[in-house]
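Visitor: Single-letter residue listing:
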Amino acid sequence: MYEIDCPWCGLRDESEFHCTGEAHIIRPEDPYALDDAQWTDYLHHRSNPKGLHFEQWQHSSGCRKWFNVARDTVTYEIKAVYKVDEPKPAFLLTDDQSANQATVESSEVKA
Amino acid sequence: MSQYRLPQGGIVNRDAPLSFQFNGKTLSGFAGDTLASALLANGQHLIGRSFKYHRPRGIIGQGAEDPNALVQLGEGSRTIPNVRATQTELYSGLVANSVNCWPSVDFDVMAVNQYASRLLPAGFYYKTFKWPAKAWHFYEERIRASAGLGTIPNEPDPDRYEHVHKHAEVMVVGAGAAGLAAALAASRAGAQILLVDDQAELGGGLLAEQRQINSMSAYDWAKSVEAELRDNPKVQILTRSTAIGYYDHNFLTVVERRHDHLSESDREGVRERLWKVRAREVVLAQGAFERPMIYGYNDLPGTLLAGAVETYINRYAVKPGNKAVLFTNNDNAYSSAMAMLSAGMEVQVVDSRADAEHPLIAQATAQGADVLKGYVVTKAKGGKHVKEAVIQQLTPDGRGVVQDKQQQEVDLIAVSGGWNPAVHLHSHTGGKNRWDDEKLCFVPDSSPQRQVSVGSCNGSFDLYESINEGFAGGLSAAQKLNSTATAELGFIPAAESETADMRVSAMWLVPQNTTPERSPKAFVDYQNDTSAADIRLAVREGFHSVEHVKRYTAMGFGTDQGKMGNINGMAILAEALGQSIPETGTTTFRPLYTPTSMGAMAGSNLDDLFDPIRKTPMHAWHTSMGATWEDVGQWKRAWYYPDASEDMHAATKRESTIIHSNVAVLDASTLGKIDIQGPDAAEFLNRVYINGFKLLKPGRCRYGIMLNDAGFIMDDGVTTCLGENHYLMTTTTGGAAAVLNHLELWLQTEWPELKVYLTSVTDHWATISVNGPDSRKIVESLCSDVDFDSEAFPFMSFQDGTVAGAPCRIMRISFSGELTYEINVPAHMARHVWSAVFKAGEAYQITPYGTETMHIVRAEKGFIIVGQETDGSMTAHDVGYGGMFSSKKEFIGKRSAQRVHLKSPERKQLVGMKPVDGKTVAMEGAHILTNAADVALLTSLPLKEPIKMDGHITSSYYSPVMGHPIALAVVKGGQQRHGEKVMVSDHLGNVCEMEICATTFYDLEGAKQR
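First to last, the sequence lines map onto chains A and B.
Going by the working numbering, the first residue of the first sequence is number 1, and it counts up by one from there.
Going by the working numbering, the first residue of the second sequence is number 112, and it counts up by one from there.
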């Protein structure tokens, strides 16, 4: 059973939490500009990496807040927890990923 | 005094003799004995019969590794099957019986299997009984009866169990030499410690150790460490406690057995506690298991692991034989030889290593052991006990044996094939193991956990090396928590002990003059009767992965999980595959470490405590009225209220009739209620429902449908605007929590800019739903501050009012189709208002009704129940609510609902159904045939191909007010098929013809509810 460091409440047992899937899925600004296949991709298709994975968790039996967890799917180590509106922690990313993330964020700001 | 109990020595309490029974015989032992040591002291080696061949089997080990010494312990409701005698503390009045033998362990009818063993190889049952397929049921019954071990009790467990949570800075598993040293170091360094050990007394192997530590006996050293630990308030010690599982993030489970060691009459309170421990640092000091030697008939009673023999002699003062052969491939076993010699036994050592050299060998020889180097035991002879050991010399290359045999008369064969570190807990969370070519065993390697293995579970088999490692491990654990921690250990272990540099050579399978297939059976897994030949057979038949071979041969499947022989088996497999042992790998080590009672798993989560039970404030009233109950989620809802003579049909007929004629009351308190406040509340509601909510005025109510993001119906309910920026949303009873989560997810992750606050108020308000033509008169009589005129208080509106003195919210909404007033009352006053309503309604024959009648009357109106008419794949269009879609706004699920296939007219759509004969009530779940002619196929089973179905019945009742049965169903393209007749068939073979119709049956204009 994991021990998760809720950004609001501190260390608590996994039994107080629920994982609600992959984090950083950006909702399309205009859903109607997408065809059915693209929309379905947004709705359902998720990555399933071996290793580092970014997830949304809710402290469902605690403060009820959602937050993000960076978790290793092999060792089950939790590398970082951070709030929903925060970017992926830079220390976990390769240079390429950091550059990519910066692009995504700036496009979000423009949108 | 029995001839096998030594006159002195050991740590059993000779002043406390205990009497016990084995197979009906009364025997005696001492306090401090295990059942195994007490049986051996009585000369009882034969314990049970093996699983498949029913071969006689005896005690072979001293602890969790023993695959054979299984007994049925206790009687009646407390009997436990397959308990290891080696781990059962003796108590006065203990009753044990052999398992898997009939009529007795000495004469077992099924033992004929062993003579047919050549006909019963690995996979025998799979190969023989697979054809014809139908006959398996016949074979299975007979195979199951002849296989199996003990029997489970046929009464409920009378004992109590509990779970305890614990946080520890440093958890030490195992209190042998290394574990005690680790706990001592960590405790002196100031850490808070949990030390667990599965035995009654701390010390582990030290309890049978003859050497000195720090100038005192090993036993005294263990006691001195224990005394210091017990004196430290930051140290908690659990004895008789087995760490059974190691899970992620240093979470461990420990089962503490609190009274199994006591006579049944002395047992009080909780039998077992399951400790759930979260540790910052973990030190594993579980020890090691000795390996057997794999030669012909190595399973005969009277064959014991050498280390076990040493323990029985030194700790329990029990001599398992008089004339022994000790068969070894390592130096460690010579310490066992010396223990045997000191107990007065004759010892012939057979060492497979021609070049064996170690100070211990010299010592043993000096004490009188006869040592044969370069020899092996190829076969044991005997019936129910070993009588002879056949000894042969190895060929110079070590791969064969010379023809000459010597036969030695013995009553004990002690075997030592080297040692396996107990890497189980280390491996549970994905810790890796590494093959050590020198020590010939897997040792712990990397782990994702904050843990360290010390002592022999780390492959450090020497006593002093083990203690040193324990100290270092305990101190470093404490230092990880507090980098400045130090510990004065005041102890200088012998740097160069006589036991240093012990060596072992590979001898996984003793060579024979014949091939393994032609040789006497050499057992690898004694509990499952898996032999070396079975493993080789599996390889020949194409099983190469160790996990496949395990499942084909059953090796390691027993209650011992292969703790003793598995590594030998994997080495034999590696050789057959022509690859190395690390290439072959091990099977996966999973929790639980040893068999654990179901009671410990369940703890107190039983019966009414299994899951929370939610009751409305009127629950006691429903009970007093003789209500039957329906479980809806965790809620208990009144189902119907039968009079003395009524069945459900009669009761619901009465209840539903009076709703339409007079007045009836439903306890609707279980509906989910969410209080929504904030300046953006209206905008928020507008985004979560498919229909518009922005224009909902204070005092008005509106029904809404909520979709998930994929466009499917998630929930429905009425939302009331209580005032500016203040709403009360109701949800389905079962969906309340999921809806709140759904709403919060959107608020927190997608719409953080909205100022909206959600509060669950389900339990704060009770709902008394007064339905029927007379409802207004009753509520009006209890409430003087509300104008009930339908102009002032119209349908789909709400008023604050005082009902029977209680401040209430009265909603004019209806789930019955009749005039309805739903009184929402603060929960603590609900029982009072409920009674007032019934008192006021006496003159109108007011009647309570339950969920069954609620279902009937809403179906008469065609109102859906989310979860009954919908199943997670139904859209608003499918249920006929497509007209509610607002085109003026964006809402959750809108884009998805426009996907091409979700708009298809061929989708299953909600319709009403009536039986053509006017009287048959179809079964809910019954299927609607695509082709009516296929009815004929239903009687010609088996079918050649599946019958095509167009949909199924979702709700079906007899409607008293309509005078005929009604049903709701989902049917492909159903909205265009009204008037069509279809055939409906259920799983019991009932068939009826029904006509598709509109979903509304009663009061088509909806005038009554207004």
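Be aware that a few hints might be false.
To be verified - Reference excerpt, derived from the structure (chain B facing chain A, CB under 10 Å, subset only):
{"#": "1", "residue": "Glu273"}
{"#": "2", "residue": "His276"}
{"#": "3", "residue": "Lys277"}
{"#": "4", "residue": "His360"}
{"#": "5", "residue": "Phe362"}
{"#": "6", "residue": "Arg389"}
{"#": "7", "residue": "Arg1010"}
{"#": "8", "residue": "His1012"}
Unchecked claim - The list that follows gives simulated cross-link-like pairs (lysine-lysine, DSS-like), each with its CA atoms no further than 27 Å apart:
{"#": "9", "chain 1": "A", "residue 1": "Lys79", "chain 2": "B", "residue 2": "Lys1119"}
{"#": "10", "chain 1": "A", "residue 1": "Lys79", "chain 2": "B", "residue 2": "Lys550"}
{"#": "11", "chain 1": "B", "residue 1": "Lys1119", "chain 2": "B", "residue 2": "Lys1014"}
{"#": "12", "chain 1": "A", "residue 1": "Lys79", "chain 2": "B", "residue 2": "Lys1092"}
{"#": "13", "chain 1": "B", "residue 1": "Lys591", "chain 2": "B", "residue 2": "Lys387"}
Just so you know, the hints here were simulated from the structure itself, not pulled from any lab data.
Please read these numbers as outputs of a predicted model, since none were measured by experiment.
Note that the Cβ used here is the ideal one computed from N, Cα and C, for glycine as well.
Visitor: Is B:Lys591 within 27 Å of B:Lys387, Cα to Cα?
Guide: The hint holds at about 22 Å.
Visitor: Does the CB of B:His276 sit less than 10 Å away from some CB of chain A?
Guide: Given a least distance of 9 Å, the restraint on B:His276 holds.
Visitor: Let me know if the C-beta of B:Arg1010 comes in closer than 10 Å to any C-beta of chain A, holds or violated.
Guide: OK, holds: B:Arg1010 within 10 Å of chain A, min 5 Å.
Visitor: Within a Cα-Cα threshold of 27 Å, do A:Lys79 and B:Lys550 meet the stated pairing?
Guide: Violated, because 36 Å separates the two Cα atoms, which is more than 27 Å.
Visitor: Does the structure keep B:Lys1119 and B:Lys1014 at a Cα separation of 27 Å or less?
Guide: Answer violated: B:Lys1119 to B:Lys1014 is near 34 Å, above 27 Å.
Visitor: Minimum Cβ distance from B:Lys277 to chain A below 10 Å?
Guide: Violated, about 12 Å.
Visitor: With chain A as the partner, please determine if B:Arg389 meets the hint condition of a C-beta pair closer than 10 Å.
Guide: Holds. Min distance 6 Å.
Visitor: Using the nearest Cβ pair, does B:His360 come within less than 10 Å of chain A?
Guide: 4 Å, holds
Visitor: Answer holds if the nearest beta-carbon of chain A is closer than 10 Å to that of B:His1012; otherwise answer violated.
Guide: With Cβ-Cβ at 8 Å, under 10 Å, it holds.
Visitor: Does B:Lys1092 sit within 27 Å of A:Lys79, going by the straight-line distance between their CA atoms?
Guide: Judged against 27 Å, a Cα distance of about 62 Å means the pair is violated.
Visitor: CA of A:Lys79 to CA of B:Lys1119, is that 27 Å or under?
Guide: At roughly 62 Å apart (the allowed maximum being 27 Å), B:Lys1119 and A:Lys79 break the hint.
Visitor: With 10 Å as the cut and Cβ atoms as the points, is B:Phe362 at the interface with chain A?
Guide: Hint holds; B:Phe362 Cβ to chain A Cβ min 5 Å, cut 10 Å.
In summary, the numbered hints that this structure violates are 1, 3, 9, 10, 11, 12.
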